[in-house]
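Chemist: Given chain A's structure and the hints, the job is docking chain B onto it.
Protein chains: 2
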Amino acid sequence: MIKAFRDISLVLYALFAAIALATGILPAQAQEPLPSWNDTPAKTRIMEFVTATLAEGSEGYVPPENRIAVFDNDGTLWTEQPYYFQLAFMLDRVTTLAPQHPDWSTREPFKSILEGDLRNIAKDGEKGIVELAMETHAGMTTDQFNAIVTDWFEKARHPKTSRRFDEMTYQPMRELLDYLRANGFKTYIVSGGGVEFMRPITEKAYGIPPEQVIGSTILTDYALVGDVPVLRRLPKIDFINDGPGKPSGINKFIGRRPVFVAGNSDGDYEMMRWVTAAKGPGFAMLVHHTDAEREYAYDRKSEFGRLDKALNEAERRNWLIVDMKRDWAKIHRWQ
Amino acid sequence: MIKAFRDISLVLYALFAAIALATGILPAQAQEPLPSWNDTPAKTRIMEFVTATLAEGSEGYVPPENRIAVFDNDGTLWTEQPYYFQLAFMLDRVTTLAPQHPDWSTREPFKSILEGDLRNIAKDGEKGIVELAMETHAGMTTDQFNAIVTDWFEKARHPKTSRRFDEMTYQPMRELLDYLRANGFKTYIVSGGGVEFMRPITEKAYGIPPEQVIGSTILTDYALVGDVPVLRRLPKIDFINDGPGKPSGINKFIGRRPVFVAGNSDGDYEMMRWVTAAKGPGFAMLVHHTDAEREYAYDRKSEFGRLDKALNEAERRNWLIVDMKRDWAKIHRWQ
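As you go down the protein sequences, you meet chains A and B in turn.
Residue numbers for the first sequence follow my numbering, beginning at 686 and rising by one.
Residue numbers for the second sequence follow my numbering, beginning at 686 and rising by one.
The shape of chain A in the complex, shown without the other chains:
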């Protein structure tokens, strides 16, 4: 009796499913993935790797809990020229805070920044910039800083495109994030940038929640203001999540080794080495900035996002080089 009911319900279910598909209540096949990628070998290699991770029993299979993909941010998910966006934020903060810091008019690097001379800022590399950013960004609570960053993204505009900075994301990479997630991957940002600079916008920009953003950090401490507990941002570096720091940061936050990594500069080299040294499947890709017309063209000599060593070793290590000009049909969503 019960079995008869079950058989009937299964028949009805099949009928329902067929009708629902036909009428569009259920999505049929999702649209072709990676529509902003040209039909070049880069797209094929990515899709072959991802498809293999799903094939239980095959050499390329990756159990769902290990489908972890990590992405550098600056230059990999969004533009990093003419300078890191966090540097733009910092320059604006220096201007905003200058009236409270009369000594800045004679003290470097503040003096140069206030005079509009940006030539020397990058000379210490990403580490120097992160330190400068943190020095100008401490002394408030975490909630206050979140509000400052959120407000800045509303108002600030990219110097070349006049677009909001969080519109400077790469459409093909957003599609790649979606494609990986649709196949069971958990996607993380692993950036040299400050984690609290990125978190207010990563959900909207990339569909990545704050807890999946790994970045450089400053120390915070717990304090009571009146009787209200807050976290204060202290002017002291906690961790620089760049270069050899990236695998340590991944290990600290995730506790598992990812199987997919995307970067664009030598700051991603160690992370890419570590991911692709695992015994099982591992995929690494480099975004190569080759499109001066639609974005920027740079690699070995750039102040920001220098790509030299990783480019030299990519072929030998079987890392995919994505040539933006050749492999991407579109760079930004709005182009």
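Keep in mind the hints are simulated off the structure, nothing from the lab.
There could be a bad hint or two in this list.
Copies of one chain are not kept apart here, so a pair can be met inside one copy or by any two copies together.
List of simulated lysine-lysine pairs, DSSO-like, C-alpha gap at most 30 Å [said to hold, decoys possible]:
hint	residue 1	residue 2
1	K889	K994
2	K889	K796
3	K840	K964
4	K994	K871
5	K889	K964
6	K796	K964
7	K1010	K921
8	K964	K921
9	K889	K871
10	K921	K845
11	K986	K889
12	K964	K1010
13	K1010	K796
14	K986	K964
15	K845	K964
16	K889	K1010
17	K1015	K994
18	K1015	K796
19	K1010	K994
20	K840	K728
Modeler: Structure of chain B alone, referenced to chain A:
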């Protein structure tokens, strides 16, 4: 025409659902939540809070992305007597490693440990223990340490119950984790213990994946062994995730303020203050160890898991005190 099909398919779907429920193809109502909790006000308060978080438009509503619950581990999710389990691990490591460290036979605290005298170990509190643990646990790669911990959990047994340490979890708390997750909460461990000591077993013990375990950390660095990249555990504390460190740890790892927190000692006080200081809904509970027969009874004077200040302020701050003897029908799964 299409609308007609859709109407038909909806009718069929309703029919299918009704039959499937009746025949048991779909689960009917899940079983009553929290079966190992007695029907005391503690259970009611928890369920009322969680139910309210689901009610869109109500004062207690919490949007899904903010449904974050954090749990202390030692004494909250599993036993912490007669000493922290990580301390048991450390003592075993001291014995194992002693032959390679002849100086330990005359150097404290190793001398006392090797002589079986554990009286003075806890005198520096959790911080001292974490430091000792880290000193004995550095000098290998992260992969090697993971293997050591995994192996230890296979072999070591609790001194009182002779059970595996990862069987010393509290059944009512495991049910609470399940209940929260079933209602859309993301569950985290926020422990003073070492993160890489917990991660190998939290998935099995609690259904919590490694990336949702926040704990104390030591520094690691990236190195090449031959040409193989590894992460080395350095004998240097990175972060003590205890007391006022817990809100900082949560902010660093999650980047949002949780709405549910469970602890059992003064080491959880600041975390509980911070969570319940949010403007919206916030729930805090303390596990009070009152059951000397089925587990242990201790609070203000315990070397491990001392509960004094938080107990004094619980009523005033509307924090739920869970009385293990009164509120839990069962402590461990196997009892």
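Chemist: Broken hints, numbered, in rising order?
Modeler: 1, 2, 6, 7, 10, 11, 12, 13, 14, 15, 18, 20
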